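> These are the residues of each chain, in order.
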Amino acid sequence: AYLPLPGDARSQVVTLIPGDGIGPEVTKAVVDVVAAMQAPITWERFDYLSGSEETASGSVPRTSVPKEVLDSIRRNGVCLKGTLFTPLNKENTNTQSLNVQLRKDLDLHVNVVHGFTIPGVPTRYRDLDIVVIRENTEGEYSGLEHEVVEGVVESLKVITYEKSLRTAQYAFEFAYLNHRKKVSAIHKANIMKLGDGMFLKACREVARNFPNIQYEEVIVDNTCMQLVNKPQQFDVMVTPNLYGNLVSNVVAGLCGGFGVVPGGNIGDGVAVFEQGARHVAKDLAGAGVANPTATLLSTAMLLRHLKLAGFADRLEAAVLKVYTDCDKAAITPDVGGTGTLLRFTEAVARNLQE
Amino acid sequence: ASMTRGFASKSFEATLFPGDGIGPEIAASVREIFVAARIPVVWDEQHIGKTPDPRTNSMVTRENLDSVLKHKIGLKGPMATPIGKGFRSLNLTLRKELDLYANVRPCFNIPGYKTRYDGINLVTVRENTEGEYSGLEHEVVPGVVESLKIITRKASSRIAEFAFAYARENNRSKVTAVHKANIMKKADGLFLECCREVSAKYGDIKYEEVIVDNACMQLVSNPLQFDVLVMPNLYGDIISDLCAGLVGGLGVTPSMNIGMNGLALAEAVHGTAPDIAGKNKANPTALLLSSAMMLRHLGRRQEGDNIQNAVLGVIAEGKYRTADLGGNATTSDFTKAVIDKLE
Ligand SMILES: Nc1ncnc2c1ncn2[C@@H]1O[C@H](COP(=O)(O)OP(=O)(O)OP(=O)(O)O)[C@@H](O)[C@H]1O
Ligand SMILES: Nc1ncnc2c1ncn2[C@@H]1O[C@H](COP(=O)(O)OP(=O)(O)OP(=O)(O)O)[C@@H](O)[C@H]1O
Ligand SMILES: [Mg+2]
Ligand SMILES: [Mg+2]
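Residue numbers (my numbering), protein chains in the order written: chain F, 1 to 354; chain W, 1001 to 1343.
Hints are computed from structural coordinates only; laboratory data are not their basis.
The structure presented is a predicted model; accordingly, all values stated were derived computationally and were not measured.
C-beta: ideal position from N, C-alpha, C; glycine also.
Treat each hint with caution, since some may be false.
The calculated lysine-lysine pairs, modelled on BS3-like cross-linking and capped at a C-alpha distance of 25 Å, are [stated by the list, open to error]:
#1 K90(F) to K1050(W)
#2 K193(F) to K1206(W)
#3 K1206(W) to K90(F)
#4 K193(F) to K1341(W)
#5 K1206(W) to K1174(W)
#6 K193(F) to K28(F)
One-sided excerpt, in silico: chain F residues whose CB lies under 8 Å from chain W [to be verified]:
#7 E91
#8 R124
#9 Y141
#10 I159
#11 K193
#12 L194
#13 L200
#14 Q214
#15 V218
#16 M225
#17 V228
#18 Q232
#19 A252
Just chain F, same shape as in the assembly (with noise of 0.2 Å):
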């Protein structure tokens, strides 16, 4: 392949946090393959961070992400990372969960989620590809609430005209970039008109500059109904926070759960990568039946936004081979299998070796 400069074919650090629940087990199984395809990263690990700490009380949130931490993915640039389980508790509602603040520290605005449905995973439709790119930042996670009066609680959510605009930018490049052919703007400006309308505002705007990209707003319970019905009618959907947050997670549903739906977090500069439907399933964690598709799809990801296109492409082909394959003890059980994280790991690595 060609060589975009010399000195290129040297390992690059990327920075790793395995995180809570399955988060150390999926992104081992990343590490494993990574290694078994000799591709140039080494990974800077943090294996102690989690969302909560223990203390004599308990379990409490984190209260902040630690600067090394913080300090290790602004050197590498890169990220790859698990869930971090944040504890809900009553005396501590100030605190933000960690992966919010590590999203708001590095200033990672747009979330990007790919949801595909993949041959040999079960679904209930077929050749489904959608994009949804959300606003990562602000909106219903500004964190600002307070008790005004005992029994009342205010919670703040901001829009503002600047990151909107920076995720409506980022939408229609990548529709640009990817070929696709149109962009959905989710919303509920009929009732947060000025909310939600700064949002459809700055859309607009950015749809102007991109002529060929069909613009489109839709009402987001309705998206949620059509995601359904006729989910074949997205392409690319461009949404404030809290909706992405709902329609990425409608989407991963659609295909396949979120297991096997990849995504990423880009800031200026910096980019973290994770399941596409952050959870931490806490219920699956140890058992060594968590799907690390969604995980490993991610570091295709990764791998392609380090320019290492060649090796993202053969670990995405070695994954979905997995799919295709159509042997149900090598699939975790989430997509139907009968297999363990360890059988799929080694189905991948087989599959990159040929």
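The hints should help you fit chain W with the ligands onto chain F, whose structure is shown.
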């Protein structure tokens, strides 16, 4: 709190808003079927005004509201959204004036009408008065908007109480509270706290909590695990439409709004379908199933079941289906077929 009231056999009065577009046709279908089923209803037919009523600052007139307040029960067809500024929307007026705090939508597969999902039988209960729909918004500085979401103990306890009581009365075994308390720790945290408190009084009903994004994922991949879902306003709006989508859309989904002291307004939540209005093509299913909910709410369970079974029976047989369900029956054909199926 018991939500059903009244006693069968006795005749009763109810408000009927036929609505716009296909509304009058599907309302006529309900009327005919009620007569054939010998349901002793006296309809008080009401029409929304053509110009705003200064007493309500809305197209909904004082007489409209008084009718529902008097009978405490009503059935509403689809209404066109009047265009114009400076007066309140129909829904908002009805909700505020009648204090309709809960929206209930049973979602089940219509036998014989295939969708990608099977065996669904769940109910969404949506808080209808606060949350993200507070209407409180302002532009702090140019380019920065704040919208307020309000969660109160009062409204949260009231909706939780309704959901559990509904579950018990309808022989349902589980209530799932849907929330995003990992992010909105105080607001959704308060909602959950209220749900937990109420659940403690209902030992016979299972209680669980699911984060809204996970709920979305689960609903499209494994919806059979759910029974009754209770949610704050916005999640309820989104998830109730999502669930309707699972079973074929708003054209076949019944809905009822609950107010204080047992007041209830059942409604078809689909649109006015102006393209087929007046052509005898409309599907009255959603309004008929809503009317069945209304009857059950009045304690007239048998009458409600009779109508529902007849409607579902006709659709299942497949001989008389309207165009939206892939058939070519007219509204009158369908209505007659339902009448023939009544007990
Ligand atoms: N206390 C918790 N209880 C249950 N699940 C949790 C908890 N904390 C985190 N999770 C899981 O991890 C996911 C990420 O949670 P977190 O609050 O950190 O970020 P998030 O903003 O909700 O992420 P996203 O918006 O992508 O869902 C949640 O959606 C949930 O599945
Ligand atoms: N400014 C407002 N403040 C408070 N409530 C409002 C406001 N505007 C609308 N509502 C209420 O919110 C609910 C939903 O409004 P609307 O019908 O416009 O949205 P929707 O998504 O179509 O809802 P639904 O799906 O339930 O029909 C209605 O009960 C309506 O009365
Ligand atoms: Mg809605
Ligand atoms: Mg609506």
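> Against this structure, judge whether each hint is valid.
Hint by hint, here is what the structure shows:
Under the criterion of a C-alpha separation no larger than 25 Å, the hint pairing K90(F) with K1050(W) is inconsistent with the structure, at around 51 Å. Only pairs whose Cα atoms come within 25 Å are accepted, and K193(F) paired with K1206(W) is rejected, the gap being roughly 38 Å. Simply put, K1206(W) and K90(F) have alpha-carbon atoms about 23 Å apart, close enough for the 25 Å limit, and the pair holds. Taking the CA atoms of K193(F) and K1341(W), the gap is near 47 Å; set against the 25 Å cutoff, the hint is violated.
About 4 Å separates the Cα atoms of K1206(W) and K1174(W), which keeps this hinted pair within 25 Å; it holds. Using a Cα cut-off of 25 Å, the hinted pair K193(F) and K28(F) is violated, with the two alpha carbons roughly 46 Å apart. This hint is violated: E91(F) has a C-beta 11 Å from the nearest C-beta of chain W, more than the 8 Å allowed. Nearest Cβ of chain W to the Cβ of R124(F): about 4 Å, under the 8 Å cut. The hint holds.
At its closest, the beta carbon of Y141(F) sits 6 Å from a beta carbon of chain W; the interface hint therefore holds under the 8 Å criterion. The criterion of a C-beta within 8 Å of any C-beta in chain W is met by I159(F), whose closest approach is roughly 5 Å, and the hint holds. Taken as an interface hint, K193(F) checks out: its beta carbon lies about 7 Å from the nearest beta carbon of chain W, inside 8 Å. The beta carbon of L194(F) comes within 4 Å of a beta carbon in chain W, closer than 8 Å, and the hint placing it at the interface holds.
A cut of 8 Å between beta carbons decides the hint on L200(F): the least distance to chain W is about 12 Å, and the hint is violated. Hint status for Q214(F): violated, given a least beta-carbon distance of 23 Å to chain W, over 8 Å. Hint status for V218(F): violated, given a least beta-carbon distance of 12 Å to chain W, over 8 Å. Taken as an interface hint, M225(F) checks out: its beta carbon lies about 4 Å from the nearest beta carbon of chain W, inside 8 Å.
For the restraint placing V228(F) at the interface with chain W, the shortest Cβ-Cβ distance is roughly 4 Å, inside the 8 Å limit, so the hint holds. For Q232(F), the interface hint is violated, since its Cβ never comes within 8 Å of a Cβ in chain W; the closest pair sits about 12 Å apart. With a least beta-carbon distance of about 5 Å to chain W, the hint placing A252(F) at the interface is held under the 8 Å criterion.
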